[in-house]
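Participant: Chain by chain, the residues run as shown.
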Amino acid sequence: MATLSDDVFFAGVAEINRRLRAREFSCVELVRAFSNRLEKLGPRYNALALSLREHAIRKAKSVDDELKRGRTRSAVQGIPFGAKDLLSVAGQITTWGAKPYAAQIFDHDATVIKKLDRAGAVLIGKLSMVELAGGGGYRYASASLQGPGLNPWNRGYWSGGSSSGSGSAVAAGLVAFALGSETWGSILTPSAFCGVTGLRPTYGLVSRFGAMPLSWTLDKIGPMCRTAEDCGLVLHVISGGDSNDPGSAGKSFYFMPQYSRPLQDLRVGFAEVDFTEWAAPEARKDFQAALETVRSLGVSLIPVELPDRPYSLITGTIINAEAASVFESLIRSGKVDELADERQIAGLKAALELKSTDYLKAMRIRRLVQEDMRKMFAKVDLLISPTRFGPASKITEALDRSSAPSPPPRRRGLRDLGAFGNLCGLPALSLPCGFANGLPIALSVVGRPYSENAVLALGMAFQKVTDWHRRRPPV
Amino acid sequence: MAALLAARAVPAKSVTAEKTAPEEDLARRVEQVHAESKKLSEIEVPITTEPAFQFRA
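So the protein sequences, as listed, match chains W and A. Just add 3 to the spot in the first sequence (first one is 1) and you have our numbering. Just add 17 to the spot in the second sequence (first one is 1) and you have our numbering.
Heads up, a few of these hints could be off.
Here are a few chain W residues that sit away from chain A, every Cβ distance over 10 Å (derived from the structure) [said to hold, decoys possible]:
hint, residue
1, Glu27
2, Pro216
3, Lys352
4, Leu371
5, Asp375
6, Thr399
Label-pair ranges, simulated between beta-carbon atoms [what the hints assert, rightly or not]:
hint, chain 1, residue 1, chain 2, residue 2, range
7, A, Ile64, W, Pro284, 41 to 49 Å
8, A, Glu41, W, Gln291, 40 to 48 Å
9, W, Asp110, A, Ile64, 42 to 50 Å
10, W, Tyr262, A, Ile60, 39 to 47 Å
11, W, Thr75, A, Ile64, 53 to 61 Å
12, A, Glu61, W, Glu275, 25 to 33 Å
13, A, Ala44, W, Lys358, 15 to 23 Å
14, A, Arg45, W, Ala25, 33 to 41 Å
15, A, Ile64, W, Gln95, 44 to 52 Å
16, A, Ile64, W, Ala17, 48 to 56 Å
17, A, Ile64, W, Pro408, 44 to 52 Å
Heads up, simulated DSSO-like pairs for lysine-lysine below, C-alpha to C-alpha not over 27 Å straight-line [to be verified]:
hint, chain 1, residue 1, chain 2, residue 2
18, W, Lys338, W, Lys102
19, W, Lys43, W, Lys64
20, W, Lys288, W, Lys102
21, W, Lys378, A, Lys56
22, W, Lys338, W, Lys358
23, A, Lys56, W, Lys288
24, W, Lys288, A, Lys55
Don't read these hints as lab results, they were simulated from the structure. Beta carbons: idealized from backbone N, C-alpha and C, even for Gly.
Input sequences plus hints: build the corresponding full structure.
Facilitator: See below:
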């Protein structure tokens, strides 16, 4: 039996696939090695919700048979991955990170799980998450059935959420890639805090069928990987229309980096104030260096600013209204009291007080935000900004306290890019770009709808000239 | 003796029950919902602006 070196746990999807096809190791050996690592180290970061070792080894055997017969399926064939525990796997427990659903079993696979299976990827485990993906608003990192997500770079710090386990597991080399989800920040934040590369696709590009709903008009599923290239390879497999998903755009994504526009043709919007005054002081040096790296790629950097709108108020209202409807029976039955986080419980209960006119008002303002977006992307092709303005917070810190500088900067820059991007369903890529106090920080690249190839092209170019994405935590 | 008696005097029971932390949390969040509702009502939106529903038939 081949002994796998540690390198393989931190290798990209394409490299692992190439080594599998070259028979450096079998898929069974690869899957056993990753499963061992996930089971042994996953609990260290509270990253593992459920090991699927037996299921994975059966799948790995069939992959080995296919490879022996020369049957190749995709770039993710044979690659061990993890899935956020809001994605259903037939016959297996899917907890949604929440005590009331601790024994929940579905009889069907989520569409994304099915697609990856058909492409030959090997699901080795379900990864932990913030309970109910944070619907209701949580105060502490401990808002999870599996406990607080711990950051592999320093376990005294949060991995970020709500895709906490996905972020930790990729960072620590426990899976080659993971699936996460984002309603408002839940792919990008753990990607940034854990130093991995995460892609939030355009709303509707990836089927939500089989995923726990939190906010129907905001939920998106996306890859969390070691590189931008890997994100492209995984998105290529999981994207596409699905009649089971009412929000499906019916569009496909073909990862075509060879056909991307030359970088010199790209206009990239940015706000200086994001990299100076909004950024946490300990992160400014690396953020500013990242901005210069982007400039050095030959793109045109154009100063921009978001229009003045109450983005957080609108996004929060929409999520609260939709989540209250999704979880109405949980709330009214009182089972909501079984959740771990008091603020989240209160938030879900209070959300039942929201008026329909408030929701509709927020959705109408959202239409105006979408018009702003169209005007913005007439001037630029992409936007860049720090994913989060500072590194991860301590595990014990309250998350509902503002970390904004006091007094706040006079210019708003792209400070609300997270809310703006999610309201408009825009694709976004979080790229590791440095460290602050020993913890990763990241840059976000955001594009217009369905511009994932352009977003990924800039990401890949950035990662060609930097090595932040290759750094490994002290596991 | 009088001092001891005074020290042992039990304060009168409060008439209203004290709120627990979860009840305080809930009250605060409900207050927040109402405050946000007021903020939303103050925002002018052109009468022809429709909600940005994503679903299509």
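Participant: For every hint, state whether the structure bears it out.
Facilitator: Now for the hints, and whether the structure bears them out:
With a minimum CB-CB distance of about 45 Å to chain A, Glu27 of chain W clears the 10 Å threshold, and the non-interface call stands. Distance check for Pro216 of chain W against chain A: the nearest CB is about 13 Å away, which clears 10 Å, and the non-interface claim stands. The beta carbon of Lys352 of chain W is not kept farther than 10 Å from every beta carbon of chain A, the shortest such distance being approximately 6 Å. In this structure Leu371 of chain W is not separated from chain A by more than 10 Å, as the shortest Cβ-Cβ distance comes to only about 6 Å.
Against the 10 Å criterion, Asp375 of chain W stays outside the reach of chain A, whose nearest CB is about 12 Å from its own CB. No Cβ of chain A comes within 10 Å of the Cβ of Thr399 of chain W; the nearest lies about 17 Å off, and the non-interface call holds. Separated by about 46 Å at the C-beta atoms, Ile64 of chain A and Pro284 of chain W satisfy the suggested range of 41 to 49 Å. Taken as a hint, the range 40 to 48 Å holds for the pair Glu41 of chain A and Gln291 of chain W, whose Cβ atoms sit roughly 43 Å apart.
Between Asp110 of chain W and Ile64 of chain A the beta carbons are some 47 Å apart, a value that agrees with the proposed interval 42 to 50 Å. A hinted range of 39 to 47 Å for the beta carbons of Tyr262 of chain W and Ile60 of chain A is consistent with their spacing of about 43 Å. The beta-carbon spacing between Thr75 of chain W and Ile64 of chain A, approximately 58 Å, falls within the hinted interval of 53 to 61 Å. Between Glu61 of chain A and Glu275 of chain W the beta carbon distance is about 31 Å. The supplied range of 25 to 33 Å therefore holds.
Under the hint 15 to 23 Å, the C-beta atoms of Ala44 of chain A and Lys358 of chain W, about 18 Å apart, fit the expected range. Taking 33 to 41 Å as the suggested C-beta distance range, the pair Arg45 of chain A and Ala25 of chain W does not conform, at roughly 60 Å. Our hint of 44 to 52 Å for Ile64 of chain A and Gln95 of chain W holds, since their Cβ atoms are close to 50 Å apart. In this structure the hint that Ile64 of chain A and Ala17 of chain W lie 48 to 56 Å apart at CB holds, the actual value being about 53 Å.
Restraint check, Ile64 of chain A to Pro408 of chain W: a C-beta distance of roughly 39 Å breaks the suggested window 44 to 52 Å. Between Lys338 of chain W and Lys102 of chain W, the direct Cα distance comes to roughly 9 Å. Compliance with the 27 Å bound is thereby established for this hinted pair. Under the criterion of a C-alpha separation no larger than 27 Å, the hint pairing Lys43 of chain W with Lys64 of chain W is consistent with the structure, at around 22 Å. The suggested pairing of Lys288 of chain W with Lys102 of chain W is violated, with an alpha-carbon distance near 42 Å, which exceeds 27 Å.
For the suggested pair Lys378 of chain W and Lys56 of chain A, the alpha carbons sit about 26 Å apart, so the restraint of at most 27 Å is met. Proposed proximity of Lys338 of chain W and Lys358 of chain W is supported: the alpha carbons are some 23 Å apart, at most 27 Å. For a cut-off of 27 Å, the pair hint linking Lys56 of chain A to Lys288 of chain W is broken: about 38 Å separates their Cα positions. In summary, the hint linking Lys288 of chain W to Lys55 of chain A is not supported, as the alpha carbons are separated by about 41 Å, beyond the 27 Å threshold.
Consistency with the previously given hints fails for numbers 3, 4, 14, 17, 20, 23 and 24, ordered from lowest to highest.
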